[in-house]
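Going down the list, the protein sequences come from chains A and B. For the first sequence, position 159 matches number 159 in the working numbering, and the numbering has no gaps at all. If you count the second sequence from 1, you need to add 343 to reach the working numbering.
Just so you know, these hints were derived from the structure itself, not from any lab. Note that CB positions come from ideal geometry on N, CA and C, so glycine has one too. Incorrect hints may appear among the rest.
Covered by chain A, per the in silico footprint, the following chain B stretches (three or more residues, Cβ under 8 Å) [what the hints assert, rightly or not]: (1) 384–390; (2) 466–479; (3) 548–560.
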Amino acid sequence: MAAYLLQRLILFIPTFIGITLICFLVVRLAPGDPAELMAAGGLKGASGAGISLQKRSVVDQALAEWRALYGLDKPLHVQYLVWLKNLSQVDFGNSFKDRRPVWEKIRERLPVTIKLNFFSILLVYFVAIPLGIYSATHANSFGDRITTFAAFVLFSVPLIWAATMAIVFICGGDFLYLFPPGGLTSIDYGPEWPLWERIKDQTWHLFLPVVLLSYAGFAGLSRYMRSSMLEVLRQDFVQVARAKGLSERVVILKHALRNSLIPQVTILAEILPGLIGGSVIIETVFSIPGLGQLGYEAVLARDYPIVLALLTVSALLTLIGILLSDILLAVVDPRIAFGRRGQ
Amino acid sequence: MRLPAILAAILSLTLFTISGDGYGQPGEKPATGDWLLLHSLSDPEQLNPLTSSDASASEILGFIVETLTVLDPRSLEHKPLIAESRPEISKDKRAYTFKIRRDVRFQDGRPLTGEDVLFSIKAIKCPLVDAPFLRVYYDSIVDAELLDPYTIRFTTKEPYFLNESVLGEISVLPRHHYDPENLLKNVGVRDLLHEPGKLPDNVKRFAENFNENYHRKPLGTGPYKFNGWKTGQEIQLVRDPNYWGTGKAGIDQPHLDRLRFRVVNNPDAALIQLKSGDLDSMDLTPIQAVRGTGSDRFKRQFEKYEYYGPSYTYIGWNNDHPIFRDKRVRQAMTYFTNREQMVKTILFGLGRVVDGPIYFSRPEYDKELYSHPYDPKKALAILGEAGWKDTDGDGVLDKTIDGKKVPLRFEIKVNSGNDVRKSVALVLQNELNKRGVAASVREVDWTIFLDDVKNHKFDAVILGWSMSVSEGDNYQLWHSSQAANKGSNHVSYKNARVDKILEDYRREFDPKKRAEMSKELQRIINEEQPYTFLFSRKAVTAVERRFRGVEVLAVGLRPLEWWVPLSQQKYGAKRTAN
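If we strip away everything but chain A, and leave its shape as in the complex, we get (with noise of 0.2 Å):
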């Protein structure tokens, strides 16, 4: 086990740097300027009345100040070595729209994002669960059909409309207010708040979004859950179980939870990353201010720092979760077992 771990985090250097190679050529190589859009005044123009006529005096010495300033003059292959050497130093360099430090600007928005994911992650596995082992041992059944059919109509209800209509007609406006229609707390939250008041606040902010957020992976976890269920139901070792006379709660919830439960484990490696940016649609649709916001802006500004950071970091977290979900199914799962193959 020692021995593949090793051989594992050695293979992750090259698969790290091709990652960000490919990342680092797909931001630089997709068309735009950073440089240009600042002297046009920004993404505005695009959408309000023109770009601003005073900053289109700036003249090409300006841009070119403005790009050595950032090292975009420079070709390509220097500026992916000085940002590699950067990144052995743990530094992502400087947002261009503020210069900030890129960690600066991600550490500030991560809890936010973390926190909605999280929730929401713990909402779909406590949802879609016990949601599948019903399906499983209900299989064909009525109640069965109902909720299948329920998970896949909520799958395919597009999250931005979901959000804007829940925005417009629960969330004040001119029909119910039973939740705030954005921000993180009320106008007033301040620390002098009591411990629970404040609490209570970020419960109502947060809770809406996480629900919208979860609502989709209700199909998907719970398919998944009630067909690994299913195939593990019909196994001799269940047969075994239920012969030598245990009940049936202790059958499924004991016996044959924990078999089923061995894919689920795979699907963990893909949660990581989606804790970065998994939230564009909810983060922007309701003002929260988290990384998919961030990420989002930054691509249509050309803020490369930010965007290649981003990337960067959710690569990292894939590794992590596919190595964790391997791990965690040796763990699980004893008909696995690494390095030993072949003996």
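Using the hints, position chain B against chain A.
Below, chain B without anything else, positioned relative to chain A:
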């Protein structure tokens, strides 16, 4: 406060003064207190008065940092603020001398002197400071020196009519805050005009510190102090109780205790927040202005203010293109464009047709300008005159140019995500296709679009210019030299007479003569139609009714003048205390 107000200059706009009770009752005295929750679509990039460049930063910094002179929002003339009076201009029109008030204090209590003004111009001129796009405006300044602790003289390269407003717009920064080590002390403005590489180390250290460390701690002499920034959520300003201008004649007096710029990046969500009381004011999108804000409840709670911003949308024809080289084709295209109808249906009536590049409320605007009506018959006649006929019966007009038969076929480029521009293109395309002109429409991502525009890679393009309420300089747009080097004359318009006018204009100090020159320019451009000028759009802002003193000015709405009667104040002194 960047150039937005250079921008803001001399002219009187038609003011759309508002019905309703925005002004308050006669005899009502402004009360102090309460908060104003303003909407911001996104965070400003940063709040460094020199290196930030977006509109939302300028708006916020406008409350914190002051300038030597300001544009009076009513007369639209420059009036002194930190300077005692407007500058004294030397006979050769190259030197400007400002006397500085002695009673101005920064928000940290330290007095302002000429040192601070001198420091501010040095910081702008320093080539290592991350403000190349600002520096361009100050290119003409070659020197500055203190004649005494409260008198500063600027020397400029050459006479230029905009120099006074450019100099007056310098944001005066506290030297002790932005350069605590006084690294620029022995550096003159002239010394900064060297190659960046040759600058002494102390200048490099200053620039590094200035670029890196002042994104989020602005300090100035203005009526509001910076009081915190929660990224992606809000920026809060509080009224400075020790503001130097308090009670002084001719200085705007702030009344509201707090200004909170709440970031809501989704306009639909923002409207809901407005209705549920989380915002006091927001700019409505055109669709929001006509739908969803008409209920009695909304009208009881909010007043909607409509006003024009100084900007216009146009179709730019590539004047180098074989088809559009002939001005008759461009004229015909304008006759094909039903601009009145577009204002009605695409803008929901929130706009007006424009016929030239000068803001219609400025005095140099030519009111007699010919407005091309929608007249497809005339357009076809002009095309016929220019030799365009359908000789091969394929339904598309054609003409032999340089010995080759060319069909009247071209592409209109718009940037994706802008529904107004796209609708204009589609309406025009439909019209043209019916008349034997094969026009197609292509949507391109904004950054690529910009690239194509500046590289002249288009047949026709729909774009807008935003201007200032102050007098502008059209040299960038229409001078033939600006067609090269990715200049702003991206339609490659070239006309010797126009070139001459634009050159003389910059050196003319008599506003009346400039107005005459400008009118001639407008007539030539109107005749030649390098652009089909489309329309100017109206902005609509909703403001909670408890605010008084709300007035539509040429510069837009000015929250600095707003106040709330004591009886209607929503956020009391109790909450302000925290």
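- Failing hints, ascending? none
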